[in-house]
Each structure stands twice: as C-alpha cells, then as structure tokens.
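Colleague: Listed below are the residues making up each chain.
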Amino acid sequence: MNIFVCVSHVPDTTTKVQVGGDGKAIDPAGVTYILNPYDEYAVEAGLQLKEARGGEVTIVCVGPDAVKETIRKGLAMGADKGLHVVAAEPRDSFGTAKAIADALKDRAADVVFCGRQSIDYDGWQMSGLLGEMLSIPSVSVAAKLDIAEDGSFTAERDIEGGQETITSKLPAVISAQKGLNEPRYPKLQGIMQAKRKPIEDVEPVPYENRVEVLEMSKPPIKEAGKIVGEGPDAVKELVRLLHEEAKVI
Amino acid sequence: MSILVVTEQRDGKVKKASYEAVRTAAKIAGEMGTTVTAVLFGADEAAAKGMGGYGAAKTLHIADDRLNLYANGAYVKAVAQAAEKEGSDVVMMPATALGKDLAPRLAVRMDGAVAPDVTDISVDGGDITAVRPVYAGKALIKVKINSAKKVFTLRPNVFSAGEAGGDEAAVEAFAPELGDEDFVTKSTGTSIASGKLDVTEAVNIVSGGRGLQGPEHWQLVEGLAEVLGAATGASRAVVDAGWRPHAEQVGQTGKTVSPNLYVALGISGAIQHLAGMSSSKCIVAVNKDKDAPIFQVADYGIVGDVFEVVPALTEELKNHIGS
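Residue numbers (our numbering), protein chains in the order written: chain A, 57 to 305; chain B, 114 to 436.
By construction, these hints were calculated from the structure, which means they are not laboratory data. Remember, it's a predicted structure, so these values are computed and weren't measured experimentally. All clues given are correct.
Short derived list, chain A residues pointing at chain B, Cβ under 10 Å:
#1 P93
#2 Y94
#3 D178
#4 G179
#5 I215
#6 G218
#7 K225
Where a beta carbon is used, it is the ideal one built from N, C-alpha and C, also for glycine.
Looking at chain A on its own, in the form it has when it is part of the complex:
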C-alpha cells in the first residue's frame, strides 16, 4: 500500500493567541508548534494500515522550513519518509490542497489520510478539497474505518447526534476524527531513526490565495460576571437572575 498522511504544523493548544504586526495573522513570537492533534490519528491510521497490509507511509506537509520538524514527528512515530512542499508564504486551504494534490498526482497513492481539521485555521476542508482535486473519493471525520482486501471500505463518521456509515473504495482521502485509534507515542529509538529518514523537497506551483484575510482581531473580551453566592443558598437568586436579567429561562 502506498500511504500518504498529510500533516499540519500548528501552535500548541495552550497558546495565548496575539495578533501580529500586520494585523492579519498571529504573532509567532514565543509560540510552540506541534503536530496537529487530529493528524496524530491520521498518522496512526497510516501506520496500522501499513502494519496490516505492507507498503510505506509518507508524511506530507506544506509550509516553510520549520515544518520539517513536524514531518520528523510523524517519522518518529514510524512513518518511512517525508515529502515537504516548500511554500514560504502562508497559503489558504485551497492553495495548501492544490500544492499537495500537485505533488501527489503522479505518485499513485492508495490512500491519503489527514486530520479532520487543523487547529489553527479550523477549516475542516482538506479531505474534500484533495479528493476533488485528485478525482478520488473522500470521507471526512471518520471515527471508525474498516478497509477490505479489495480496497472497498466502510467508515463511520460523526454527525449531529450520532454516526453515519459510509461505504466507498480506495484510492481515497480520509480525514481522521478523535476515536479512530489511539496514536502511539514516538519511542526514543524512533526519534533517533527519524533524523536519518529521507525528506524530499518539492517546489509548488506559484499560487495566489483565493481567500484573502482582511484583518485578524481578538474576540471582544467578556467581562467576568458576578458571583451570585456560595453553596446551595445562592440557587434561588441565580434562577431569578436567569429569568429576569438574562431572560434565558
């Protein structure tokens, strides 16, 4: 199986976001970058598929040189090699997908995994964009996956209030939801080996963003409300406030 896993290099979830000097993106000063948490499920899915069926797993990432560090995290988990689409300028979702689709189109992928969303721009778009660009099926937010020998597969995706069962067939792009598996922690040996695994650089076709960011701002700061009181004695007053002041009950 020729397995590709697309990953994203994102600020840690504990990051306190500050708007940068251009007013259009965050200030990267002091920010720690991690492998996007949903992509860990995608990497694990790729590794498990390789373990079951053989083949190799390639980690794909689009971005400046710094993203190599994130590709290495996937390699440390056990992937075989990396594919770095070197794009110095930030790209919108369409441009990122286009760069990956161009890089993958002649590589005969059997399956492409990605996370359901990257936790920076929260687009939830990659599986659909890539599937359409590569003219292959896509399934998003898969929390369960069962791939048969003949390449047909069944996925369960989370929808409002329950699950939806989807059938499709490879080659396909599948985005991973938490719950799909339990991602392994890289072992020290894996981290050491990752340093020697090959990462191929490719140049993307120049692209002008279709979605233009006009400005970034912080949401209005909510003023801390009132402490109504302590213990069960405060309950009567709380209910009165919810009814008369907030008018939510």
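Model the placement of chain B on the given structure of chain A, informed by the hints.
Modeller: Using the frame of chain A, we list chain B on its own:
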C-alpha cells in the same frame, strides 16, 4: 444570479440551521439586488414552499430516492448543476456535518473557494465579507473570497432564522443528471440516538467536568439538562478519562458551541475549553474553586460543591419552569 442555499432535512423535517442559512442569505441577496434559491434534497412540497417563509424566492426540489441518504459525489454534482442552471456564483449552507463535507468538494468543482464556519457575513462595497473564528475562537478573521465562485458555510445557532413568514417559495422540481459513478461514496444509514440533542444544535447545554468525580455522578448533569431541555456536554478531561463519549466534548479538540445558555458544572475552564464555549450567550458556572478560570467568562457563578448546588438548582428550576 441568485444566491443558492443548500438546505437539509432529517426525517422530512427541515433543519433549523438550514432556515438560518436561508434567512441570512436572503438578507445578503437583498443588499446585492438579487434573490435566494433554496436547494432541498428530499422532504415534501410543503417543506419546499415553506422556504419562502424564511426569504427564499424559489426552491429547487430534488425528489430522487437515491439522494435520501448523503452521497458526497452526487450531492456535489447536483448542487453544481443547480448553481449552473441558476447562474449562481454564491452558494451558502449550514456548517453542519454534511455542509462541512460538501462545501470543499463543491468549491473545487465550481473552481471557487470556501469561507468555512462563518459567524458574521455582510456586504461591503459590493463584496461579501465574512468573519470566522480561528484558533478555536481565540481570534477572528475577516475574509473576502477573491475567486468568482464563492461558498460560505454558516455556523449553526449563530444566525437568526426568525419567525416563518407567510410567503411561499416558487417550487420547481429539479432532477440532476447523475450516474452510478456519483454514488461510489455513499451513506448506507445513520444511527441517531433518539431524543438526544447534539451540543452543536442545542439551545441550552449543561456540561460536566472533573468536579463530578466520576461517571457514576453524571445523573447530576443529565437531571439538570432534562429540566432545561438541554444537551449534555463534557470537558476534555472527562472524555479522556473515558467517562463520556467524544461527541460530547466541548472545546478546542471537541465541538465549538454557542447556545443561549451554557451551564458548566465542575469545569475549571482550561483555555481549550473556554475557546469552545465562550461565545455562548449566557454562561453559568458552578465550581468549588473561586479562582477557577471559568468564572472569568461566566455571567453568573456559584462557588460551591456541585454535589450540593446542582440538586438544589435542579429542584429550583423545576419549580420555576413548572409555575
């Protein structure tokens, strides 16, 4: 020319998020001197006409049994054909599980781009601009789509659907041309827990955290939720501990919600949790630690033990709502 809105129904009933999208699109269309055409998969003619009550001038009604369950390839083709027929450059839909899956494929098919999960949309000098939360709501970006074809998905529960008016939409039966190849990827069924509200669709939410001390105490959360007609949510700590399913997780690696009322029980308020719920209209927190960060975003707080406060609150609300 018209703005196309992709609407959804479940069991023949149009989803509220779809009415929100139709109403919002109608406002934008009005400012741009055009109208709204709704695309409705399934449901009946009354539902198709009913789109008029929310501002649609016309409904393209697709009654094709093969489309009763979602199939992204077929839906993309159907909507793209509808957009072509109507000459629509702008397509809107709710950012539901279906909308989030459909929008990116559709945008590529139409050679456009998506502004996903927007929470505000307006017309600014002839262009549509949209605001959307990023970094799980820790920042907002205002965006403009520069390609000719534009797809917007609208976050549910943020835009008002308003009351249904008396107008009826002109209904036109629409039969997209579809082949077997469009059904390679398809839903074979859904399992929806009956009577269970999803946090992303709920008007009220009651969430529990570590302060509940164990899954055996979840009836406190459920009891209060029942009185409020609320969905139940959970903090990440509780989901990671296996007390609750991931579908209930509110926060950066769970769901982002904006209900009218959000009640946080025994949740300290880690930044990842706050990111997912701080846009709720009214937040109530019960926590025994008066310095817990949840009180920084709560409109009303009670400092106290959830095991004492929650039963009293549930009882008081029962009396209040009963009277």
